[in-house]
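> Protein chains in written order, with numbering that gives the first Met the number 0: chain A, 0 to 294; chain B, 0 to 272.
If you are wondering where the hints come from, they were derived from the structure by calculation, not from laboratory data. Glycine included, each C-beta is placed from N, C-alpha and C at the ideal position. There may be inaccurate statements among the hints.
Claimed, not checked - The calculated label-pair distances, taken between Cβ atoms and stated as ranges, are:
no.: 1; chain 1: B; residue 1: G177; chain 2: A; residue 2: S8; range: 34 to 44 Å
no.: 2; chain 1: B; residue 1: S167; chain 2: A; residue 2: E202; range: 42 to 52 Å
no.: 3; chain 1: A; residue 1: G175; chain 2: B; residue 2: R21; range: 23 to 33 Å
no.: 4; chain 1: A; residue 1: K64; chain 2: B; residue 2: L117; range: 41 to 51 Å
no.: 5; chain 1: B; residue 1: L185; chain 2: A; residue 2: G12; range: 33 to 43 Å
no.: 6; chain 1: A; residue 1: G101; chain 2: B; residue 2: F207; range: 28 to 38 Å
no.: 7; chain 1: A; residue 1: T186; chain 2: B; residue 2: G177; range: 46 to 56 Å
no.: 8; chain 1: B; residue 1: S167; chain 2: A; residue 2: R107; range: 32 to 42 Å
no.: 9; chain 1: A; residue 1: P158; chain 2: B; residue 2: L185; range: 37 to 47 Å
no.: 10; chain 1: B; residue 1: G177; chain 2: A; residue 2: D207; range: 48 to 58 Å
Stated by the list, open to error - Here chain B is said to cover these stretches of chain A; the calculated rule only asks that three of the stretch's residues, wherever they fall, bring their Cβ under 8 Å from a Cβ of chain B:
no.: 11; segment: 47-59
no.: 12; segment: 81-90
no.: 13; segment: 98-107
Unchecked claim - Only pairs whose alpha carbons sit at most 20 Å apart, straight line, appear in this in silico SDA-like list of lysine to any residue:
no.: 14; chain 1: A; residue 1: K18; chain 2: A; residue 2: T42
no.: 15; chain 1: A; residue 1: K64; chain 2: B; residue 2: V89
no.: 16; chain 1: A; residue 1: K257; chain 2: A; residue 2: S210
no.: 17; chain 1: A; residue 1: K174; chain 2: A; residue 2: D163
no.: 18; chain 1: A; residue 1: K18; chain 2: A; residue 2: S8
no.: 19; chain 1: A; residue 1: K174; chain 2: A; residue 2: L61
no.: 20; chain 1: A; residue 1: K64; chain 2: A; residue 2: S8
no.: 21; chain 1: A; residue 1: K257; chain 2: A; residue 2: D283
no.: 22; chain 1: A; residue 1: K13; chain 2: B; residue 2: E271
no.: 23; chain 1: B; residue 1: K142; chain 2: B; residue 2: L249
no.: 24; chain 1: A; residue 1: K64; chain 2: B; residue 2: P93
no.: 25; chain 1: A; residue 1: K270; chain 2: A; residue 2: Q241
no.: 26; chain 1: A; residue 1: K25; chain 2: A; residue 2: K270
no.: 27; chain 1: A; residue 1: K64; chain 2: A; residue 2: M0
no.: 28; chain 1: A; residue 1: K13; chain 2: B; residue 2: R269
no.: 29; chain 1: A; residue 1: K64; chain 2: B; residue 2: E271
no.: 30; chain 1: A; residue 1: K128; chain 2: B; residue 2: R269
no.: 31; chain 1: A; residue 1: K64; chain 2: B; residue 2: P95
no.: 32; chain 1: A; residue 1: K270; chain 2: A; residue 2: E249
no.: 33; chain 1: A; residue 1: K64; chain 2: B; residue 2: R96
no.: 34; chain 1: A; residue 1: K128; chain 2: B; residue 2: G120
no.: 35; chain 1: A; residue 1: K25; chain 2: A; residue 2: A118
no.: 36; chain 1: A; residue 1: K64; chain 2: B; residue 2: P272
no.: 37; chain 1: A; residue 1: K64; chain 2: B; residue 2: S14
no.: 38; chain 1: A; residue 1: K18; chain 2: A; residue 2: T227
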Amino acid sequence: MTLSIQGASVRRGKLETLKNVSFDIKAGERVALIGHNGAGKTTLMKACLGLLPLFSGSISVLGDKPGGTAAREATAYLPENVSFHPALSGIEVLSMLAALKGADDNIRDLLDIVGLHEAAERRVGTYSKGMRQRLGLAQVLLANPKLAILDEPTSGLDPISRSDFYRLVDGLAQKGCAVLISSHALTELEAKTDRITVLRHGELVVSDSLSALRAEAGLPIRFHIRTTVEAADEFATTLGGQRVNGQQIELSCLPEQKLAVLSQITSLGSKVLDVDIIPPHLDDLYRYFSAEEQQ
Amino acid sequence: MRAILAIAASEFRISRRNNLLRASVVIMVLFSCALTLLGSGATGTLGVDMLTASSASLATLSVYIVPLIALLLSFDAIAGEVERGTLALVLTYPAPRFSLIIGKLFAHLLSLAVALVLGYGAAIVVTMFMGAVNVAGLLIMLKLLFGAVLLGAAFLGLGYALSAWSRSAGAAAGYVIGVWLVFVVLYDIGLLAGLMVDASDGIFTKEFFPWLLIANPADAFRLVTLPSGQAAELASGFVTSANAVGLAPLLSLVIWPVFTLVLAWTAIQRVEP
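Given only the sequences and the hints, what does the whole structure look like? Please build it.
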């Protein structure tokens with residue numbers, strides 16, 4: 000087990016910002032950490048890095064305590080909104096960090112990988128937010144980490160850079176690195192992570208794979224059916240759906256009824272022009288799990 | 000050690016590109032040239048040698064400008080890293096916290112030494128053009144240099160401590176100006192007021208004044224570096240009155256950097272990035 004969190008609690012004064020959180024991350028596993036602002040995501044990450052003391056419980060990083068020498072050597076961290084000293088160039092920042100870690104990576108190659116080749120010699124002060132974020136990502140790759148903790152790594156990145164970023168994460172995971180990512184961009188985490196962990200008010204709500212979460216939530220699956228204009232009304236009554244416009248019908252069903260509904264639709268034959276099946280998004284699941292208690 | 004060197008090299012680079020620092024070094028060089036030229040007027044052809052005479056003015060200049068340079072270098076050291084988010088990052092690297100302070104201290108002391116060598120060097124060059132430079136004069140310059148480095152180290156430590164306590168570069172800059180004003184200007188005015196009130200031979204003048212003078216690193220620096228004898232008369236009588244205390248000023252100048260660095264060290268231990 001790369002990262003093992005057992006009943007971890009963190010207190011700031013009387014406020015308990017993390018309450019009895021337990022979960023594990025295996026080598027090569029990509030775990031998404033989601034939750035509202037102030038749900039305790041950053042607190043949990045800092046506790047795993049040994050930057051914040053635990054009030055109770057325990058965290059183990061590759062068998063070491065958080066912040067221990069072995070743990071630090073194997074861990075990479077990307078803080079939220081990191082910006083390096085504006086007077087240094089990208090290559091100077093990365094060389095300094097490599098020396099701190101005793102890493103022998105080729106600095107230029109790393110900058111190349113994150114797409115900062117052109118800007119390697121330029122001062123960080125002239126970088127855009129996205130470029131600063133890429134520089135932050137480059138230092139995550141130093142010295143083949145065993146655990147990568149990334150706090151909102153894609154904020155400020157354009158869509159192409161985001162997919163580049165997730166390719167880097169996949170590369171890390173393939174080498175056996177456990178990855179913990181927090182983000183607000185839920186749709187992109189959906190396809191790119193093995194497990195979703197939801198925090199609410201410092202408590203762990205759920206930690207499971209997306210399909211397991213879908214099954215547990217039992218959220219309806221939606222169908223968008225396009226028909227010929229004449230047949231639309233007839234469809235709406237037989238299938239029990241709703242007409243959205245002249246020739247489109249929307250209906251929803253529970254996950255276990257999916258195939259039954261689908262065969263009902265196909266039995267209607269050539270009047271059906273097109274069918275879209277929309278499973279519940281992570282957005283819906285997130286809303287479901289993070290609001291559960293209020294209902 | 001590897002971590003200390005990596006941080007020191009990076010910090011030295013940052014100092015070299017620091018415009019505020021560059022400006023204060025230029026001011027130091029200009030002032031020391033001007034003071035050496037003006038100071039030579041008092042010595043005449045038969046008086047004390049020129050370098051010794053100007054060293055009194057240079058010591059006074061250093062008392063103001065060395066703490067200023069040291070505080071300019073250090074106020075951003077911890078607070079700036081907290082604000083940029085790099086402190087949290089660096090603390091997750093396999094390097095102990097004290098290496099951050101020591102690395103920065105090395106780099107900043109080196110920057111300060113370069114500034115001082117430029118400033119005092121300018122004075123020596125001016126003297127060479129004006130007349131002869133002798134060994135005694137050069138030795139006094141060397142004493143000035145070592146004293147100024149110790150004085151600078153004391154204020155660097157103070158700057159780091161304030162930077163770590165305030166956690167915001169803006170606030171740290173404010174505190175640093177206050178500290179400079181208190182140690183370099185207000186403290187001496189306070190002592191002077193004490194002397195005035197106490198009349199000439201009161202208990203304050205005899206018992207407390209010399210020790211209060213030594214307790215302030217800026218005044219201790221003056222006591223250590225001002226040449227005794229003829230040149231001392233060129234300086235203020237105010238300072239020479241404490242000469243009887245012996246090695247105490249030097250001790251004060253050595254203890255202050257250690258004390259402020261311990262302060263900085265305890266302050267950074269408590270920073271939660």
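> Which hints from the list above does the structure break, by number from lowest to highest?
As far as the earlier hints go, 2, 3, 6, 9, 26, 30, 34, 35, 37, 38 are violated by this structure, in ascending order.
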